[in-house]
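Chemist: Each chain, letter by letter, is given below.
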Amino acid sequence: MMHAFESIQLAQLAFPTEMSTSVLAPYLFVSAAMFCIGLVGFLTRKNMIIMFLCTELMFQAAGLALIAFGRHHLGADGQTFVIFVLCIAAAEAAMALALVVLLFRHRESLSASAWKELNG
Amino acid sequence: MEQIISPIALYLICALGAAGIALALPRRASSKTFEYVGVILVTAAFGFAALLLGLKASDAGNPMPNFFFYPFAFVAIGASVRVMTHKRPVYSALYFIMTIIASCGMYILLSAEFMAFALIIIYAGAILITYLFVIMLATQAPTGDGDDELDDVDAVAREPMLASAIGFVMVGLITAAMFGGIGQLPDSKMTQAQAANSVLVNLPKKVDKILEREGLLADGWRVSRDTQTGQAMIDVDDRTIQIELIEGDTVSATRLLTTDDWPDALAADNIDRLGFNLMHDHPIMIELAGVILLMAMLGATVLARKHTELEEALKAAQARKLGTMFDDDEESSGGHA
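Sequence order for the protein chains is A and B. With this note's numbering, the residue at position 104 of the first sequence is 104, and numbering never jumps. With this note's numbering, the residue at position 319 of the second sequence is 319, and numbering never jumps.
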């Protein structure tokens, strides 16, 4: 049990040792759980702002999985990809929130079902 | 490779989580107690699953995740459930910051320090502030503290049971697929020392600086560079460094520093590796990211611009005003000529 309490090893001080799959698995599970919570939120909530927050939650889960896999392979690619995920998330947030403001001005409502007639 | 966690236990946990989510989702009749019970149920189910994974690993003699992983995981999952179930968007946004901070803790445990702090700065600092601004800009009629006054948009979820079931199936599928395949993951291609220091070969100036600081380089000496690639002549596995004396443009002497001389400070840290990887391996991605951000900025500006409807008379007045301005300009420029 003692090794579970080992101090946090920062890469700045010493390069981390290899990470086994048994350590990787719980991180992946948390990532999957967060992703699905975000997905369910996107499907159920009516408020557009909360829907977009839930997509951010999914981005976050993807980032966690990328970092965990990158750590497992001792490479920096996972972290590099998280930078791009952040970049896309920022772009998405800007566009989505501009859309929310625009749609709110038209209907005076944040409900996604206020735009039902757009269903093609 | 056997399954890491037995499928039956996994599906039970997922079902428990789905029930918790269905309970926690907002609806008209639900009380605060229901919500809290739901959140606790989901957190407990998923946290318990993570704990089970760790305990199973420790039974088999495999390493467990760091102890601090568990509090971070609980907070991350609990806060993300609150993000999706809270009736008031402002609280959702604040709980999202909590999720971010918990995942930053996990990033640090995964020795991605730079990304952890970048995440706090960008997400909690920039993106969430944008969200808060929009929540303030686009709010419906103000309501009091009571939940009864909330609009249907916030107080009622669409198809909570169905969506929870979908979530349950998704978690079950994703985790079953992941844990089935995790045994086939290839081992890291690099050894630990190689992974830590392979980037140093590409950073001869940094090596120079560290060696100078450690007092290993006399005046005029530097690390030998490969004539073709410009890489530093370091052997990471044997821990030897070749240095050379430069006089004018020519190398007049070379010497080999052996393992005993290898300074402890000579190691690539997280930012070195990340920066080198970003700039050396993915240069086009950076350009693309720049274009995407620029386009998003433009698009957001165009979308959120306010269209002001002027009446005909006002439009005419505006046009006349602009017209006189142009006339004035012409007259004045004519005068000068």
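It is worth saying that the hints were derived from the structure and are not from the lab. From the three backbone atoms N, C-alpha and C, an ideal C-beta is built for every residue, glycine too. One or more of the hints may lead you astray.
[Stated by the list, open to error] Simulated DEER-style distance windows between Cβ atoms:
1) A:77 x B:121: 34 to 42 Å
2) B:68 x A:105: 26 to 34 Å
3) B:294 x A:77: 21 to 29 Å
4) B:91 x A:99: 20 to 28 Å
[Said to hold, decoys possible] If you want a taste of the chain A side facing chain B, the calculated C-beta under 10 Å gives, among others:
5) 61
6) 73
7) 93
8) 97
[Claimed, not checked] Selected chain B positions facing chain A (Cβ under 8 Å, derived; list incomplete):
9) 166
10) 180
11) 278
12) 280
13) 283
14) 284
15) 293
16) 304
Chemist: Look at each hint and say if it fits the structure.
Modeler: Tested hints:
1. A:77 x B:121: 34 to 42 Å: Violated, at about 22 Å.
2. B:68 x A:105: 26 to 34 Å: Because 46 Å falls outside the window, the suggested range is violated.
3. B:294 x A:77: 21 to 29 Å: Once the Cβ atoms are compared, 25 Å apart, the range 21 to 29 Å for residue 77 of chain A and residue 294 of chain B holds.
4. B:91 x A:99: 20 to 28 Å: Since residue 91 of chain B and residue 99 of chain A have Cβ atoms about 22 Å apart, the given range 20 to 28 Å holds.
5. 61: 8 Å, holds
6. 73: Check passed: Cβ of residue 73 of chain A comes within 5 Å of chain B, closer than 10 Å.
7. 93: Hint on residue 93 of chain A: holds, closest Cβ of chain B at ~5 Å, below 10 Å.
8. 97: Residue 97 of chain A check passes; min Cβ-Cβ to chain B is 4 Å, inside 10 Å.
9. 166: 7 Å, holds
10. 180: At 11 Å from the nearest chain A Cβ, residue 180 of chain B fails the 8 Å test, so the hint is violated.
11. 278: 5 Å, holds
12. 280: 10 Å, violated
13. 283: At 11 Å from the nearest chain A Cβ, residue 283 of chain B fails the 8 Å test, so the hint is violated.
14. 284: 11 Å, violated
15. 293: This interface hint holds because 6 Å falls under the 8 Å limit.
16. 304: Check passed: Cβ of residue 304 of chain B comes within 4 Å of chain A, closer than 8 Å.
Hints 1, 2, 10, 12, 13 and 14, counting from the list given before, are not met by this structure.
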